[in-house]
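Starting from the known structure of chain A, arrange chain B on it as the hints suggest.
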Amino acid sequence: MEKYFDITYLWTTIPQLIPFLWITLLVAALGVLIGSLLGLLLAMFKLSKNKILRFIANTYITIMRCTPSIVLLFLVYYGIPAFSESFLGIYLQDVHTGVYVVITFSLQFAAMMAEVIRSAYLSVDKGQYEAAVSVGLTPFQAYQRIIFPQAFVIALPNFGNGVISVLQEGALAYTIGFIDIVGKANLIIANNYNTHAFEIYIALAVFYWVLSIAIEKFFGRLEKIFSKGQRSLKTS
Amino acid sequence: MDSSFLNMEFLIDTFFVALSGVPVALLVTVVAMAIALPVGFFLALTRINEIPVLNWFTKIYVSFVRGTPIIIQIFVLYSVIPLILSGIFEKYHIDYPVYDINPLWYAFIIFSFNTAAILVEVFRSALKTVSQGQLEAAYSVGLTSSQAYRRIIIPQMLVTALPNLCTATINLIKATSLGYAISLQEITLKAKVAANVGYNYLEAYIDIFIVYMILCMTVEYLFKLFEKRLSRYKYTTA
Numbered sequence: 019m020e021k022y023f024d025i026t027y028l029w030t031t032i033p034q035l036i037p038f039l040w041i042t043l044l045v046a047a048l049g050v051l052i053g054s055l056l057g058l059l060l061a062m063f064k065l066s067k068n069k070i071l072r073f074i075a076n077t078y079i080t081i082m083r084c085t086p087s088i089v090l091l092f093l094v095y096y097g098i099p100a101f102s103e104s105f106l107g108i109y110l111q112d113v114h115t116g117v118y119v120v121i122t123f124s125l126q127f128a129a130m131m132a133e134v135i136r137s138a139y140l141s142v143d144k145g146q147y148e149a150a151v152s153v154g155l156t157p158f159q160a161y162q163r164i165i166f167p168q169a170f171v172i173a174l175p176n177f178g179n180g181v182i183s184v185l186q187e188g189a190l191a192y193t194i195g196f197i198d199i200v201g202k203a204n205l206i207i208a209n210n211y212n213t214h215a216f217e218i219y220i221a222l223a224v225f226y227w228v229l230s231i232a233i234e235k236f237f238g239r240l241e242k243i244f245s246k247g248q249r250s251l252k253t254s
Numbered sequence: 567m568d569s570s571f572l573n574m575e576f577l578i579d580t581f582f583v584a585l586s587g588v589p590v591a592l593l594v595t596v597v598a599m600a601i602a603l604p605v606g607f608f609l610a611l612t613r614i615n616e617i618p619v620l621n622w623f624t625k626i627y628v629s630f631v632r633g634t635p636i637i638i639q640i641f642v643l644y645s646v647i648p649l650i651l652s653g654i655f656e657k658y659h660i661d662y663p664v665y666d667i668n669p670l671w672y673a674f675i676i677f678s679f680n681t682a683a684i685l686v687e688v689f690r691s692a693l694k695t696v697s698q699g700q701l702e703a704a705y706s707v708g709l710t711s712s713q714a715y716r717r718i719i720i721p722q723m724l725v726t727a728l729p730n731l732c733t734a735t736i737n738l739i740k741a742t743s744l745g746y747a748i749s750l751q752e753i754t755l756k757a758k759v760a761a762n763v764g765y766n767y768l769e770a771y772i773d774i775f776i777v778y779m780i781l782c783m784t785v786e787y788l789f790k791l792f793e794k795r796l797s798r799y800k801y802t803t804a
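Chains as they are written, first to last, in my numbering: chain A, 19 to 254; chain B, 567 to 804.
Since the hints were derived computationally from the structure, they do not count as laboratory data.
Since this is a predicted model, take the numbers as computed values, not measurements.
Hints should not be assumed to be uniformly reliable.
Below, in silico cross-link-like pairs of lysine-lysine (PhoX-like), each with a Cα-Cα straight-line distance of 25 Å or less [said to hold, decoys possible]:
#, chain 1, residue 1, chain 2, residue 2
1, A, LYS67, A, LYS144
2, B, LYS625, A, LYS235
3, A, LYS144, A, LYS69
4, B, LYS625, B, LYS694
5, B, LYS790, B, LYS694
6, B, LYS694, A, LYS242
7, B, LYS790, A, LYS69
8, B, LYS625, A, LYS242
9, B, LYS794, B, LYS694
10, B, LYS694, A, LYS235
Looking at chain A on its own, in the form it has when it is part of the complex (with noise of 0.2 Å):
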């Protein structure tokens, strides 16, 4: 390691790690959309008033909160290929590794969302949906027009803080071999005879730093549009 810090070398590394983000940022992205759709299922899954369902659910989260991130990714990394080969006699060599990160963080954050979905349902008020049937909706059109939209901006912080912490847990998805912005980062390090590698990570600590800051003003700014309406709703 070098013995002093050189600050022009960073104008010299961060675009090269630019293009990195978008594949980070994807990850991310993908993570939350398919994990978004889980946590819904899980959600259900956690009110019915299936004893069964609720036990699954329930154990599913216990031990999605339970198990670090880097032991899951490894685990579906291992684990996937290796099932899947054994028992059903696919051979998924080729399969990209970016496609394990996604399932390990969809996994995740179902987790995750299944208990923000779950606290902002049970936060709006049953009297609301008594309310919108009774004047003639269908149940459906009731959750969609009256609690969805309500229970939403609820669900807003939470969601946020679960988008944020996916984006974070991502920077582990070097250590299966997947280039984003930390794998690359390790790769100039590399090539760098390991020189620079300080410089190299306060780089990536700024851009994850912007990033979240900006995730949460993002977020803010969504709740604030959306709560407003919902005050002029309740004055008119």
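Just chain B, lined up with the frame of chain A:
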């Protein structure tokens, strides 16, 4: 069919290898918590009382830790601490090889650095739930500031903070799995090294997974017991 999927013998042997990493993981967790609890509480007080410079410093510190992945924090701290130390050692002519420091020390520093910031937010939100009147009432009956905090504010605050403290502890235990980056001999690294011999990675990760499950569920259970004990006052007065 089963024999080709999982090597059972290795699975069982490695479970104990993984288990042997538990003391290190727990040691790091306990030390990091022991440092982070008072630091986090103190910094939360500076945020609540809006102490000029410290308040501003805490804000940036918390934002940084929450805004960057732990692995990046580990990378940054693991490369900056030796730089600082070698600078200090050179200045004071201490002849100690910086790169021979036990990774355990780095783990203590890194994970306390991370957890303290998380706890600032936990304590800040918990302190806000205790009403101002409690502190005023404590003063009015003649308690000093430290007495008021120790006997009135902290016991009430702890009850609300406990679920979040539990989450923070579990996240900390989970985060120690990243100790491989600083070659800390904990659960994940030990099992992984054992797997290197025969490429039995899947078995090794299943073992690691089971060990973390046991650890987390135990911690969750202990916190639940503690929470019940702490919130006793709520039921006796009601």
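ask   = Against which earlier hints does the structure fall short, listed by number upward?
value = none
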